[in-house]
Amino acid sequence: MASDPSRNIPYDPLPLTGEEQRNHALYNAPPSPDPHLTSFNTPEMRATDIGGADSGLPSGAANPRFLGPALYDDPTLRPRESFASSYHTGNSQPPSEFNSSVYALNDPNDRFQGGYRDDPHEGYYGGDPNTMPMSPVGQSRMLEEKRAVYAAPATKSRRKIIILAALAGLILLALAVVIPLYFAVIRPKSQSDADSHSDSDKPSSTGKPGTPQNRIITGGDGSEIIMEDGTKFTYKNPFGGYWYYDEEDPFKNAARAQSWNPALNETFNYGIDKVRGVNIGGWLVTEPFIAPALFEKYHGSTPAAIDEWTLSENMRSDSASGGINQLEDHYKTFITERDFAEIAGAGLNYVRIPIGYWAVETRGEEPFLAHTSWQYFLKAIKWARKYGIRINLDLHALPGSQNGWNHSGRLGTVGVLNGPMGFANAQRSLDIIRILAEFISQPQYKDVVTMFGIVNEPQAPVMGQQALASFYLEAYNIVRNAGGGTGAEKGSWISIHDGFLPRNQWVGVLPNADRIALDSHPYICFGGQSDSPMSSYRNVPCANWGSAVNTSMKDFGLTVAGEFSNAVTDCGLWLNGVDLGTRYEGTYQGTSQAVGNCTEWTDWTKYDDQMKSDIKNFALSSMDALQNYFFWTWKIGNSSTTGKVESPAWSYQLGLENGWMPEDPRQAMGACGNDSPWDPPLQAWQTGGTGAGNIPASVTSSYSWPLASISAAGAVNLLPSYTPTGPIPTLPAPTVTAPSGSTATPTASAGNGWNNPSDTAGLMVDISGCTYLDPWVNPNTAPPPVCNAGAAAPAITPPPT
Numbered sequence: 001m002a003s004d005p006s007r008n009i010p011y012d013p014l015p016l017t018g019e020e021q022r023n024h025a026l027y028n029a030p031p032s033p034d035p036h037l038t039s040f041n042t043p044e045m046r047a048t049d050i051g052g053a054d055s056g057l058p059s060g061a062a063n064p065r066f067l068g069p070a071l072y073d074d075p076t077l078r079p080r081e082s083f084a085s086s087y088h089t090g091n092s093q094p095p096s097e098f099n100s101s102v103y104a105l106n107d108p109n110d111r112f113q114g115g116y117r118d119d120p121h122e123g124y125y126g127g128d129p130n131t132m133p134m135s136p137v138g139q140s141r142m143l144e145e146k147r148a149v150y151a152a153p154a155t156k157s158r159r160k161i162i163i164l165a166a167l168a169g170l171i172l173l174a175l176a177v178v179i180p181l182y183f184a185v186i187r188p189k190s191q192s193d194a195d196s197h198s199d200s201d202k203p204s205s206t207g208k209p210g211t212p213q214n215r216i217i218t219g220g221d222g223s224e225i226i227m228e229d230g231t232k233f234t235y236k237n238p239f240g241g242y243w244y245y246d247e248e249d250p251f252k253n254a255a256r257a258q259s260w261n262p263a264l265n266e267t268f269n270y271g272i273d274k275v276r277g278v279n280i281g282g283w284l285v286t287e288p289f290i291a292p293a294l295f296e297k298y299h300g301s302t303p304a305a306i307d308e309w310t311l312s313e314n315m316r317s318d319s320a321s322g323g324i325n326q327l328e329d330h331y332k333t334f335i336t337e338r339d340f341a342e343i344a345g346a347g348l349n350y351v352r353i354p355i356g357y358w359a360v361e362t363r364g365e366e367p368f369l370a371h372t373s374w375q376y377f378l379k380a381i382k383w384a385r386k387y388g389i390r391i392n393l394d395l396h397a398l399p400g401s402q403n404g405w406n407h408s409g410r411l412g413t414v415g416v417l418n419g420p421m422g423f424a425n426a427q428r429s430l431d432i433i434r435i436l437a438e439f440i441s442q443p444q445y446k447d448v449v450t451m452f453g454i455v456n457e458p459q460a461p462v463m464g465q466q467a468l469a470s471f472y473l474e475a476y477n478i479v480r481n482a483g484g485g486t487g488a489e490k491g492s493w494i495s496i497h498d499g500f501l502p503r504n505q506w507v508g509v510l511p512n513a514d515r516i517a518l519d520s521h522p523y524i525c526f527g528g529q530s531d532s533p534m535s536s537y538r539n540v541p542c543a544n545w546g547s548a549v550n551t552s553m554k555d556f557g558l559t560v561a562g563e564f565s566n567a568v569t570d571c572g573l574w575l576n577g578v579d580l581g582t583r584y585e586g587t588y589q590g591t592s593q594a595v596g597n598c599t600e601w602t603d604w605t606k607y608d609d610q611m612k613s614d615i616k617n618f619a620l621s622s623m624d625a626l627q628n629y630f631f632w633t634w635k636i637g638n639s640s641t642t643g644k645v646e647s648p649a650w651s652y653q654l655g656l657e658n659g660w661m662p663e664d665p666r667q668a669m670g671a672c673g674n675d676s677p678w679d680p681p682l683q684a685w686q687t688g689g690t691g692a693g694n695i696p697a698s699v700t701s702s703y704s705w706p707l708a709s710i711s712a713a714g715a716v717n718l719l720p721s722y723t724p725t726g727p728i729p730t731l732p733a734p735t736v737t738a739p740s741g742s743t744a745t746p747t748a749s750a751g752n753g754w755n756n757p758s759d760t761a762g763l764m765v766d767i768s769g770c771t772y773l774d775p776w777v778n779p780n781t782a783p784p785p786v787c788n789a790g791a792a793a794p795a796i797t798p799p800p801t
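Per UniProt numbering, residue 1 is the first one in the sequence shown, and the count goes up by one each step.
The hints are simulated quantities; they were obtained by calculation from the structure and are not laboratory data.
Do not take every clue at face value.
[Said to hold, decoys possible] When the alpha-carbon atoms are kept at most 16 Å apart in a straight line, the in silico EDC-like pairs for lysine to aspartate or glutamate are as follows:
1. Lys379 with Asp229
2. Lys554 with Asp679
3. Lys382 with Glu313
4. Lys232 with Asp339
5. Lys644 with Glu600
6. Lys236 with Asp221
7. Lys332 with Asp221
8. Lys232 with Asp221
9. Lys606 with Glu657
10. Lys382 with Asp246
11. Lys382 with Asp221
12. Lys379 with Asp339
13. Lys379 with Glu328
14. Lys382 with Glu247
15. Lys644 with Glu663
16. Lys446 with Glu266
17. Lys612 with Glu657
18. Lys332 with Asp229
19. Lys379 with Asp221
20. Lys612 with Glu663
21. Lys297 with Asp329
22. Lys379 with Glu313
23. Lys236 with Asp339
24. Lys446 with Glu489
25. Lys236 with Asp249
26. Lys644 with Glu361
27. Lys297 with Glu313
28. Lys382 with Asp249
29. Lys236 with Asp664
[Stated by the list, open to error] FRET-style restraints, in silico, Cβ to Cβ:
30. Thr605 with Ser704: 12 to 20 Å
31. Thr333 with Pro511: 21 to 29 Å
32. Pro785 with Gln683: 22 to 30 Å
33. Gly300 with Thr234: 36 to 44 Å
34. Thr760 with Pro238: 19 to 27 Å
From the three backbone atoms N, C-alpha and C, an ideal C-beta is built for every residue, glycine too.
Could you build the full structure based on these sequences and the hints that come with them?
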């Protein structure tokens, strides 16, 4: 049926054993973890407290990236289970479709019992693919047939044929350069931005007093790029993309990443145009397995560097090496303009950039380097604009931590919407969201930063879905208010994470919400391990994710995989945490038997052609099943010990360089047996059209803010809260300067950092005379005596109707 979004999808089932195939219909998800288990709590206040003798963790070890403290305090809550993909062949345990884990919650450790299925209520389809494969890139079946029919006459000499072919090639090459430049530069679509110049769309590099002649402001494949430090490289983009940057008009959006994607000054049709993106992880929020050299330097220190909090403490104590400014050295070198050029040249059209709340502010004794990472996010906007790439701004870390994991800035416990400081931390987090939203909603930036992930991986099983949904609705109102209301031109898309709940539990939670995307992070490498060959995983993504995504696109709206990787085992230097070992080798806490040696998975220098082909097939299946996605991550840094990448399954860049990532992501279309698995378009209200923003009053009243109570702490009016009386730390804009050698005065406006002048509420700050606990306090700590009970700050002014 045309109305069935998952029709005709012959996704191959998991390679189960014969016995399991016979009994497949009888399988049920294993029970969820018991929320009353005291072992589910990680009460240590500091990351360095993790790993004592009685914990089984090595001294100074971090919890794995995808496994933090699970504070299941409400017996009515259950974490999401996960479809299997690890125990599908050749395992010591009986295979099961429920053994896989998206975030290691199938840990064999007794602390984490039960499974973690990604969307357990959604099935999959089997069958054999019956589709016509794409032609190889650079070839065409029809062209080859045409050449066969119109063969050169025998009377023509070979020399004449060669000459004519050469002339034709030169003409085609000239047209290929002139036509894109004509539409991109001479007659680009006029900007709707309020600050756009109203003079001719023709490049402003000629005919103006004081302007150097023959300035190059655009180019395509083969053009030379000079970066701000003087370094040069050749832009390689075989897909018809072209860069554009004019110092005299630095906010002009004329670049196009690839010929098949809309330029930045054109409309991106979500649900029709595919989001094919990559994360830039480990750059502005550091992680041990992504940038191991940063952490290896302080591996033997006390405390050991296991997250950005302890890394910052170590750096601040190391003045001889530059102190905390070593982080800026990382920002300068880990990602540069060249990376953005390469991302466009890889056929990708989007980047997801994680940042921490410390890009905006820090308080008290928080050791993070404040504000500096924001300056590099501004550079990212400039580079993305230059190469036609759109940005998903991902708020990866909130004060107090939204998940207790090391990539939230500090390993420990969940301190947002949980515990005595849970409400105050949520108030502060909403301010961070508000400040970011006001900046990116400005006309100079809204067509580049087109999506805003308001919080990365919040622990809904800890917070409760009701509380998280209330937080989401308040954040939604804040972002829409910053954009000036609802509608397609009013600010960015808003991405909400599923909170590790089944996607179908979010259907109907915020009906008619304007431009909201649902974010899930499917991984299959953190559950039971298998020594099965890489080839056996080819159809796992199709079977696990394909129909689930189809259903969510229909029932919820735009559904995006904010993270996924090529990893099928948990092998990789510090992937699970500093010195924490791996399940695959039996060195991870709670495992006792090795499956194999990780070297066969991590030593990419010894991959043969078959291994590379198998990884690529897995990547293509993942891309096709997920449809709209961001690979995690673009780059893994070298280990300072071995001098090479030690987690190769997570690096898109390394895969491109060595042949196991597709040079053209469009090759993924049809990898799961159907090149059109969902019938667009999205509903009008989902994309900012008719009905957008008309959330029923019954829903808004159900998810009101402030909350009445929060997890592990009780009534909000008895907890510490802030008051909106502080000055707003408006984010600074980039400095606009005149082009080198120009005598003209720069006239472009970079904005004042605040899009909606009617939003005048102050920053959430301490109420004078009240006592506050550390924002990172153990959630089980008793709150301080009531101070100004009921004085919780009022809600932010809602967006205009």
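We went through each hint and held it up to the structure:
1. Restraint check for lysine 379 and aspartate 229: the C-alpha separation of about 13 Å stays at or below 16 Å, so the hint holds.
2. Straight-line distance between C-alpha atoms of lysine 554 and aspartate 679 comes to about 8 Å, which keeps the hinted pair within the 16 Å bound.
3. In summary, the hint linking lysine 382 to glutamate 313 is not supported, as the alpha carbons are separated by about 31 Å, beyond the 16 Å threshold.
4. Under the criterion of a C-alpha separation no larger than 16 Å, the hint pairing lysine 232 with aspartate 339 is consistent with the structure, at around 13 Å.
5. Of the supplied pair hints, the one linking lysine 644 and glutamate 600 holds, its CA atoms being roughly 15 Å apart against a limit of 16 Å.
6. Between lysine 236 and aspartate 221, the direct Cα distance comes to roughly 5 Å. Compliance with the 16 Å bound is thereby established for this hinted pair.
7. This hinted pair does not check out: lysine 332 and aspartate 221 have alpha carbons roughly 26 Å apart, beyond 16 Å.
8. Between lysine 232 and aspartate 221 the CA atoms are separated by roughly 15 Å; this keeps the pair inside 16 Å, and the hint holds.
9. Restraint check: the Cα-Cα separation between lysine 606 and glutamate 657 comes to about 14 Å, which is no more than 16 Å; the hinted pair holds.
10. As the CA atoms of lysine 382 and aspartate 246 are separated by approximately 11 Å, the hinted pair is consistent with the 16 Å bound.
11. Taking the CA atoms of lysine 382 and aspartate 221, the gap is near 20 Å; set against the 16 Å cutoff, the hint is violated.
12. A hinted pair counts as satisfied when its Cα atoms are at most 16 Å apart, and lysine 379 with aspartate 339 qualifies at roughly 12 Å.
13. The straight-line distance between the Cα atoms of lysine 379 and glutamate 328 is roughly 13 Å, inside the 16 Å bound, and the hint therefore holds.
14. With a C-alpha separation of about 11 Å, the suggested pair lysine 382 and glutamate 247 falls inside the 16 Å cut-off, and the hint holds.
15. The straight-line distance between the Cα atoms of lysine 644 and glutamate 663 is roughly 22 Å, outside the 16 Å bound, and the hint therefore fails.
16. Taking the CA atoms of lysine 446 and glutamate 266, the gap is about 12 Å. The hint holds against a cut of 16 Å.
17. A hinted pair counts as satisfied when its Cα atoms are at most 16 Å apart, and lysine 612 with glutamate 657 qualifies at roughly 11 Å.
18. Among the hinted pairs, lysine 332 with aspartate 229 is consistent with the structure: their alpha-carbon atoms are about 11 Å apart, no more than 16 Å.
19. For the hint linking lysine 379 to aspartate 221, the alpha-carbon distance of about 23 Å lies beyond 16 Å, and the restraint is violated.
20. Between lysine 612 and glutamate 663 the CA atoms are separated by roughly 13 Å; this keeps the pair inside 16 Å, and the hint holds.
21. Between lysine 297 and aspartate 329 the alpha-carbon distance is near 14 Å, which keeps this suggested pair within the 16 Å criterion.
22. As the CA atoms of lysine 379 and glutamate 313 are separated by approximately 26 Å, the hinted pair breaks the 16 Å bound.
23. The suggested pairing of lysine 236 with aspartate 339 holds, with an alpha-carbon distance near 12 Å, which does not exceed 16 Å.
24. With a C-alpha separation of about 9 Å, the suggested pair lysine 446 and glutamate 489 falls inside the 16 Å cut-off, and the hint holds.
25. A distance of roughly 24 Å separates the Cα atoms of lysine 236 and aspartate 249; the hinted pair therefore is violated under the 16 Å criterion.
26. Distance hint between lysine 644 and glutamate 361 is unfulfilled; the C-alpha atoms sit about 35 Å from each other, more than 16 Å.
27. Simply put, lysine 297 and glutamate 313 have alpha-carbon atoms about 13 Å apart, close enough for the 16 Å limit, and the pair holds.
28. Between lysine 382 and aspartate 249 the CA atoms are separated by roughly 12 Å; this keeps the pair inside 16 Å, and the hint holds.
29. Distance hint between lysine 236 and aspartate 664 is fulfilled; the C-alpha atoms sit about 13 Å from each other, no more than 16 Å.
30. Hint check: threonine 605 to serine 704, Cβ distance near 57 Å, so the stated range 12 to 20 Å is violated.
31. The supplied range of 21 to 29 Å is broken by threonine 333 and proline 511, whose beta-carbon atoms lie about 46 Å from each other.
32. Distance hint check for proline 785 and glutamine 683: the Cβ-Cβ separation is about 50 Å, which falls outside the suggested range of 22 to 30 Å.
33. Here the CB-CB span from glycine 300 to threonine 234 is close to 42 Å, well matched to the stated 36 to 44 Å.
34. For threonine 760 and proline 238, the Cβ-Cβ distance of about 50 Å falls outside the hinted range of 19 to 27 Å, so the restraint is violated.
In terms of the numbered hints stated before, the structure departs from hints 3, 7, 11, 15, 19, 22, 25, 26, 30, 31, 32 and 34, listed from lowest to highest.
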